[in-house]
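Quick note, the sequences are listed as chains A and B, same order. Take 24 as the starting number for the first sequence in this note's numbering and just add one per residue. Take 40 as the starting number for the second sequence in this note's numbering and just add one per residue.
Hints may be right or wrong, so weigh each one.
As the list claims (entries may be wrong) - Once the Cα atoms are required to be at most 20 Å apart in a straight line, the calculated DMTMM-like pairs of lysine to aspartate or glutamate come out as:
#1 B/K96 to A/E106
#2 B/K109 to A/E128
#3 A/K34 to A/E106
#4 B/K95 to B/D106
To be verified - If you want the footprint, here are the derived chain A segments under chain B, 3+ residues with CB under 8 Å:
#5 38-52
#6 85-98
To be clear, the hints were calculated from the coordinates, so they are not data collected in a lab. All of these numbers come straight from a predicted model, not from anything done at the bench. Beta carbons: idealized from backbone N, C-alpha and C, even for Gly.
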Amino acid sequence: DTGVSQDPRHKITKRGQNVTFRCDPISEHNRLYWYRQTLGQGPEFLTYFQNEAQLEKSRLLSDRFSAERPKGSFSTLEIQRTEQGDSAMYLCASSPLEPKGSAYEQYFGPGTRLTVT
Amino acid sequence: TQLLEQSPQFLSIQEGENLTVYCNSSSVFSSLQWYRQEPGEGPVLLVTVVTGGEVKKLKRLTFQFGDARKDSSLHITAAQPGDTGLYLCAGEFRGNTPLVFGKGTRLSVIA
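Isolated chain A (complex conformation) (with noise of 0.2 Å):
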């Protein structure tokens, strides 16, 4: 299967730790997205980057954000001094340049789940 992928899967830290997770996007796919998505919440953008570039940030993404996408392929997402309100779901979706028929899909993997106590 050459879906997206996430790692890890699961991750408890405690707050004012660090932590970074890894998306690796379907291969042939351009652009990648970060969403995070909290109970009861539909998924909301964080950042997104075609290739190596980061297009556009949201007002989401404080200053203890970072997210890379050094060489395309693979990006990072890191969280410093992480809070209790960090705690959520981090999506990761990739998304081809070209459109399927007139529509452009992206398509997620299967998140990662962090828990601040």
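Starting from the known structure of chain A, fit chain B onto it as the hints suggest.
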């Protein structure tokens, strides 16, 4: 402000019943995608609609995009327990840009 409003938020029905889930907005979208999400997993893409008035069918699921491309509906015929899950609609303002999601409809189909 929620750009995409989904209704109902929760739905519990008996196996074999029909149901419709709605996704409404005051904004125009270039496309709208429907996903289903299981607990602890990422959303799985069901369908993408692009053209106003478009209807797409996926087995017992029928998806419709409103004529003005501001709303969409998902109709399930003869629901089965395997249809249980969180149904999310997501809109795209321009092609290949970040998605805006609704809060989802949590469906429970009881055998």
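Against the structure, the hints come out as follows:
1. B/K96 to A/E106: violated (44 Å)
2. B/K109 to A/E128: Answer holds: B/K109 to A/E128 is near 18 Å, not above 20 Å.
3. A/K34 to A/E106: holds (14 Å)
4. B/K95 to B/D106: holds (14 Å)
5. 38-52: violated (count 0)
6. 85-98: violated (count 0)
Checked against the numbered hints above, the structure breaks hints 1, 5, 6 and satisfies the rest.
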